[in-house]
Structure formats: C-alpha cells, structure tokens
Amino acid sequence: KAGVTQTPRYLIKTRGQQVTLSCSPISGHRSVSWYQQTPGQGLQFLFEYFSETQRNKGNFPGRFSGRQFSNSRSEMNVSTLELGDSALYLCASSAPRGQETQYFGPGTRLLVL
Amino acid sequence: QQQVKQSPQSLIVQKGGISIINCAYENTAFDYFPWYQQFPGKGPALLIAIRPDVSEKKEGRFTISFNKSAKQFSLHIMDSQPGDSATYFCAASRQGGGAQKLVFGQGTRLTINP
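Quick note, the sequences are listed as chains H and D, same order. Residue numbers for the first sequence follow the working numbering, so the first one is 1 and each next one is one higher. Residue numbers for the second sequence follow the working numbering, so the first one is 1001 and each next one is one higher.
So here's chain D without its partners, still in its complex pose:
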C-alpha cells in the first residue's frame, strides 16, 4: 500500500522531443505528489508538485498530469534539452498530521540526445 511504481527505468529522447515518465500509487491517503530531479553527485531537487484536487499543473516546460481515479500521475518534459539529462523520481506523501515522509518511485534515468 505504500509503494509508488515508476516507469520506465530508463528513457532516451531526442533533443526537442517530449519526455514522459509515469507513476502509479496504491495508497489513496496520499495527497501530495512531487517530482524530483537528481544529477550525479547531487541531492534530489524539487521540480514540480501537485495535489489531487487538480488534474494538471504546468511550470515552464514541465507538466504533471494527475488521474485520481486511476491512481496515476505523470511528468511531461516538453522540448527536452541535453541539460535535462538526469534521474527523475516521482514521490508521494500523506500530509495529514504534519509528518513528512516521502515514498519514492524507483527513478527514471533520462538521456536527451543532442
């Protein structure tokens, strides 16, 4: 019930293309869904996050699509650039009570070919 499943494990996209990473969760109590980007040797950095009361959130080239009934959410990177090459993690948490505990997907290694 605590799992977040992420796919694909790795993804290669041409420069200018759209990168799509998918995640599915089981626990319907989750109410906060962030995406993190991690470069080698660095800690994860928050990219964008969504709550289940909206179906889509866009920030620049990054968009989260959220399907509450299917318990799925995805990250779309438009006009992908070589600088986007990194590992991406989806996560979920239940914010009730104020406790902070992120459950992460397994990660997707994204490579953008120039």
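This is chain H alone, in the form it adopts within the complex:
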C-alpha cells in the first residue's frame, strides 16, 4: 500500500504571498490531519478533516485553512505568509473510526523569505 504523499516537498515563498499544500492519504483512510513542525514549537496540530468536514481545529490564526475532497485528498492553505510560517508541514492519515494510528507523510518544507 502506498504511504501518505505530500506535494510539493519544498517551497520558497515571500512574505505576503499565499501557499497551497497537498496531501494524498493512504488508500481507504478517510481522516486527514495537518501538523506544523518547527524547532521552537515542535509538532503542533493544525486541523483534521473527516469525510470532507473539519472535525477538529488547533490554535492557529484564520490565515491557516484547509479542505478535504470526496476522494479524501486534502489541501491546506496559508494566506498572507509571515516569516514565522517557515516550517515543515506534515500531513497524517488514519483509517475510519476505531483505528487510531496516524501515518505521516514526509512533509512539505516551507521557507518564507
């Protein structure tokens, strides 16, 4: 079974721009979660989508948004980028209800200049 895939793997943007990151979950997985990883703050939960609905949200400003499509693929969007948004953005998928294990993708490394 193919793992979680994320595109692009690397991205360089400038302040004020917006960015869209993509995540394809493991086949059959309907829950997709997004995390931000930085050296200072560690791994922080952004949001989770299940069956195209946001089911849980972390403490991030409204500039961070996401969505999920009917095929469970997910995108996250960051608008008006700030220098502090530079991070590794990780996507994780898990199976339908009752299967807690989250499988992570390799991440998208975003650098904001």
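Just so you know, these hints were derived from the structure itself, not from any lab. Among the hints, a few may not be true.
Label pairs and their computed distance ranges (CB to CB) [said to hold, decoys possible]:
no.: 1; chain 1: H; residue 1: Arg30; chain 2: D; residue 2: Ile1012; range: 37 to 45 Å
no.: 2; chain 1: D; residue 1: Thr1111; chain 2: H; residue 2: Glu52; range: 38 to 46 Å
no.: 3; chain 1: D; residue 1: Thr1111; chain 2: H; residue 2: Gln18; range: 34 to 42 Å
no.: 4; chain 1: D; residue 1: Ser1055; chain 2: H; residue 2: Ser22; range: 35 to 43 Å
no.: 5; chain 1: D; residue 1: Lys1042; chain 2: H; residue 2: Ser27; range: 19 to 27 Å
no.: 6; chain 1: D; residue 1: Arg1051; chain 2: H; residue 2: Gln54; range: 22 to 30 Å
no.: 7; chain 1: H; residue 1: Ser22; chain 2: D; residue 2: Lys1042; range: 12 to 20 Å
no.: 8; chain 1: D; residue 1: Met1078; chain 2: H; residue 2: Arg67; range: 21 to 29 Å
no.: 9; chain 1: D; residue 1: Gly1016; chain 2: H; residue 2: Gln54; range: 41 to 49 Å
no.: 10; chain 1: D; residue 1: Met1078; chain 2: H; residue 2: Ala95; range: 28 to 36 Å
no.: 11; chain 1: D; residue 1: Thr1087; chain 2: H; residue 2: Glu52; range: 27 to 35 Å
no.: 12; chain 1: H; residue 1: Phe60; chain 2: D; residue 2: Met1078; range: 13 to 21 Å
no.: 13; chain 1: H; residue 1: Glu52; chain 2: D; residue 2: Gly1016; range: 45 to 53 Å
Within a straight-line C-alpha distance of at most 25 Å, the following computed BS3-like cross-link-like pairs (lysine-lysine) qualify [said to hold, decoys possible]:
no.: 14; chain 1: H; residue 1: Lys57; chain 2: D; residue 2: Lys1005
no.: 15; chain 1: D; residue 1: Lys1068; chain 2: D; residue 2: Lys1015
no.: 16; chain 1: D; residue 1: Lys1058; chain 2: D; residue 2: Lys1071
no.: 17; chain 1: D; residue 1: Lys1015; chain 2: D; residue 2: Lys1057
no.: 18; chain 1: D; residue 1: Lys1015; chain 2: D; residue 2: Lys1058
no.: 19; chain 1: D; residue 1: Lys1042; chain 2: H; residue 2: Lys13
Virtual Cβ for every residue (Gly too), placed ideally from N, Cα, C.
Take the given structure of chain H and dock chain D to it, following the hints.
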C-alpha cells in the same frame, strides 16, 4: 491541560545500552499514547503505542511503561543500536468522538555511539 512534557531533550547512549525517554501529561481524558520516531528529512513514524488499561507494552527492543496514577509514560529501547539514532516524540490523544488530534512532547534527540 493539553501539554505533554518530554525529557530529556537530548540523550547519548553507548551501543548495546538502554535508552530511556520520559513523558508526563496533564489531561486525564487522554486515552491513547503513541511514540513516534523521526529521521532527518522524514515524517514521524509510529514505533509503539499504549492505552491506559495496561501498564506495559513490549514490541521487540521497544517497551512502553505506563503509570496512570502518576500520569507518566516512558519509552525504553533495549540493546540500543546506531540505527536507533533519531528524534523520538511521545504523544497523547483523546479518542472519544473519533476526532484525531495528537498532542506531542517536544522531542528527544537520541544518539547511539558505536
């Protein structure tokens, strides 16, 4: 209440030794405690996980010890090998309602000296 505190930040162990990483949590509603291993340039990979109804779980060289009353859990790596050198994260979540939200510790950078 949502925090998970992990220690130490970094750890150096000789090959063949035992590596021990500790975590403490505050929220008694947490009911799932996984450990993840992350190599540079990769996403975290699940190592082993435990629920609070057991005090210990072993998978190969990896063991989780869980102390519900103290709200602490730890990862033991027996016979540590250079290939175990990585960053380890403990995490916790509350599975009720099906929502998936992992709260992570700050991570421990483990180095195994050959």
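Okay, the hints, checked on the actual structure:
1. Between Arg30(H) and Ile1012(D) the beta carbons are some 42 Å apart, a value that agrees with the proposed interval 37 to 45 Å.
2. Between Thr1111(D) and Glu52(H) the CB atoms are about 43 Å apart, so this pair conforms to the stated range of 38 to 46 Å.
3. With their beta carbons about 39 Å apart, Thr1111(D) and Gln18(H) fall inside the hinted range of 34 to 42 Å.
4. Between Ser1055(D) and Ser22(H) the beta carbons are some 41 Å apart, a value that agrees with the proposed interval 35 to 43 Å.
5. The given range of 19 to 27 Å is respected by Lys1042(D) and Ser27(H), whose C-beta atoms sit roughly 21 Å from each other.
6. Taken as a hint, the range 22 to 30 Å holds for the pair Arg1051(D) and Gln54(H), whose Cβ atoms sit roughly 26 Å apart.
7. The given range of 12 to 20 Å is respected by Ser22(H) and Lys1042(D), whose C-beta atoms sit roughly 18 Å from each other.
8. Distance hint for Met1078(D) and Arg67(H): a CB-CB separation of about 44 Å, inconsistent with the stated range 21 to 29 Å.
9. A hinted range of 41 to 49 Å for the beta carbons of Gly1016(D) and Gln54(H) is consistent with their spacing of about 47 Å.
10. Taken as a hint, the range 28 to 36 Å holds for the pair Met1078(D) and Ala95(H), whose Cβ atoms sit roughly 30 Å apart.
11. About 33 Å separates the C-beta atoms of Thr1087(D) and Glu52(H), a value consistent with the hinted range of 27 to 35 Å.
12. The given range of 13 to 21 Å is broken by Phe60(H) and Met1078(D), whose C-beta atoms sit roughly 39 Å from each other.
13. Between Glu52(H) and Gly1016(D) the C-beta distance comes to about 50 Å, which sits within the given range of 45 to 53 Å.
14. Between the alpha carbons of Lys57(H) and Lys1005(D) the distance comes to roughly 21 Å, so the proposed pair stays at or under 25 Å and holds.
15. For the given pair, Lys1068(D) sits about 31 Å from Lys1015(D) by alpha-carbon distance, which is inconsistent with the 25 Å threshold.
16. Distance check on the hinted pair: Lys1058(D) and Lys1071(D) sit about 19 Å apart at the alpha-carbon level, within 25 Å; holds.
17. Straight-line distance between C-alpha atoms of Lys1015(D) and Lys1057(D) comes to about 23 Å, which keeps the hinted pair within the 25 Å bound.
18. Restraint check for Lys1015(D) and Lys1058(D): the C-alpha separation of about 20 Å stays at or below 25 Å, so the hint holds.
19. As the CA atoms of Lys1042(D) and Lys13(H) are separated by approximately 22 Å, the hinted pair is consistent with the 25 Å bound.
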